[in-house]
Amino acid sequence: MTIARYSLIAASLLTLAACGKQQEQAAPEASAPPAASAAAAAPAGGEGTTVKIGHAAPLTGNIAHLGKDNEYGVKMAIDEINEAGGADIGGKKVKFELVSEDDQADPKTATTVAQRFVDQKVAGVIGHLNSGTTIPASKIYSDAGIPQISPSATAVAYTAQGFKTAFRVMANDAQQGKVLGEYAVNKLKAKKVAIVDDRTAYGQGLADEFEKAAKAAGANVVKREFTTNQETDFNAILTSIKGAKPDLIFYGGMDAQAAPLKKQAKKLGISAQVMGGDGTQTPELIKLAGADAEGMISSSPGQEKVAMPGGKAFLDKFKAKFGTEVQLYSPYCYDAVKVMVEAMKKAGSTEPAKYLPEISKVELDGVTGHIAFDEKGDIKNGAITLYQVKGGKWEVLDTIGGGAK
Amino acid sequence: MDIFLQQIINGLVVGSIYALIALGYTMVYGIMQLINFAHGEIVMIGAMVTITCINLLIGAGINLPGPLLLLAGLLMAIPVSMLLGFAIERIAYRPLRRAPRLAPLITAIGVSIVLQQAAMLIWGRNYRPFPAILPTEVHDFFGAAITDLQVAIVVLALLLMGGLFFLIERTKLGRAMRATSQNPEVAGLMGVNINTIISMTFMIGSALGAMAGVMVAANYDQAHAYMGSLIGLKAFTAAVLGGIGNLAGAVVGGILLGLIESMCAGYLSSSYKDVFAFVVLIGVLVFRPSGLLGERVADRA
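These protein sequence lines are chains W and L, in that order.
Sequential numbering from 609 applies to the first sequence in our numbering.
Sequential numbering from 25 applies to the second sequence in our numbering.
Hints listed in this document are in silico derivations from the structure and should not be mistaken for laboratory results.
Be aware that one or more of the hints could be misleading.
[As the list claims (entries may be wrong)] Some chain W residues judged to face chain L by a derived CB distance under 7 Å, without partners named:
no., residue
1, Thr668
2, Thr717
3, Asn843
4, Ala844
None of the values given here were measured: they were computed from a predicted structure.
Ideal placement from N, C-alpha and C gives every residue a C-beta, glycine not left out.
Here chain W stands alone, though its shape is the one from the complex (with noise of 0.2 Å):
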């Protein structure tokens, strides 16, 4: 009881007295090698060298099912490197924790989230899902020098920011949107598009590239409508769209509300085509929207998942291993932990003011595709796929751009 109870106590004077380091050291910023060695030291038991790796998605609400699929894909990455003994990096074989929190899709617990992922001295983090949560929490992360792939996070403003910790692994909605716009204007001759957004970062963003890349191709945009990431009653929204007549609607949100339009679309009688962002290509679309999912479009950064080059292999293990289908994002996540581990490789070291000067070298053949960043922490030339429902089923239309190889 009482070793118990004086080890509690020593265990949280260690960790005031590490915050207290950590604001001291707040001014010269990275490349402050105490804290970095207490970042490493602190989780190391007696037995071989731990390191843990954070990962922040929405684990509850409504996207849930997008944040377990992203822990999984996290989760198999680190699962392998484990299993195999550990990696490989500065002579001594070093295993990976995860540490997964719940940032619930919401921006406000999202830096929450990344301010405990600092306090426990991650050495880095995968995530977060959202950009609405993505770009509040990678200014924590900047702060505290700790890396960041996000295997998701598509808004511009992302890596716009200028902060040498944020990358990803996925094309960003600039060049989705731009893709989306075009096809829907020169593929699918559409001269009067309407478009809907959830106001989120990411929704917006999407939906703002769109309007721009259709305009720019000659098409006129008839409704520009809003709704949010919480609503299911569309048909106020619809209804002043039918009136304006457009050949195509656009929304720029996810999956759990482009069903439920797709639907209210279909009973007020609306024929013009739905498309959509990679958020709505998932295969719960299809389950929420039922026979009125028949015949959306939407678009994912990256090849089909079959077509990845490690994607057949991947969709297996990760069947047998978790029971369920890829939803979206995990191949991402596998991906964004191997570039993490192949930097700390190069570096030799799992301090995050050593390697993370390697994540933007690293050049890697991932399960999405070839890996490697431009100065920004983009992706290079990112691929961008376009689906339709067809019979129930996801089909591929198009990949544009990527030939990553």
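Based on the hints, put chain L in the right spot on chain W.
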């Protein structure tokens, strides 16, 4: 013109659902001066139980026509919700009946969170699609689109409201409920069993809530563990708008709120759809705290 009519139809459908839920709030308030914030969660559980039940029936290979399957689901969901309403009152509110009014209010919020989390444990965090068992063809109504389901929702909601008025105004139980609402102590002295009446009130309100939940799920083709909080809050707004504690007020408030939302989203700005609902709430509280039809609240509060 057809666009205007369509917005009216949209508003009426949502409004009659709000009205049904608002009745649950207002009945409980009328009798106990308690705002039962857990009511939204009962709506959610009604929807979830129905979906589970229908899926089980379909899974078992029972091939009934869609409306019959829905009825079977409802017949399961209504007793579950009534039991839940009864249990909530018995466990969470009855011990606090003589406590300051803030205490049961806080308990109500607690119960609401407990139910939401419990639903998440049982049904998971994902959206549940409503099984595609109902006819989906669209009718043309003077240029506006309307489905059988939407007609059924409005008609059923009106029938249920009519039934409730009959119950309250014309039956012995209703008279006992009115008596309890006027003065519980004196009603008790006159031989009304107040505990039974309060339990009955919760159960009737919960049954209406469960049906409203199924309507929401069927109309939007999905349900999830969080659906109760927003729709509950909207229905509460409707109840306040009409005058909380007043049954006719709940109906008027519900339908009016549905129409206001639909019109504002359609003609002003869709980004402020929920804002309009709550602007109405604030406006009513500031300028007419007793609501459109409510008078009794003013001297009560």
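Hints and how they fare:
1. Thr668: holds (6 Å)
2. Thr717: Since the shortest Cβ distance to chain L is 15 Å, the answer is violated.
3. Asn843: holds (4 Å)
4. Ala844: Holds - the Cβ of Ala844 of chain W comes within 7 Å of chain L, reaching about 4 Å at its closest.
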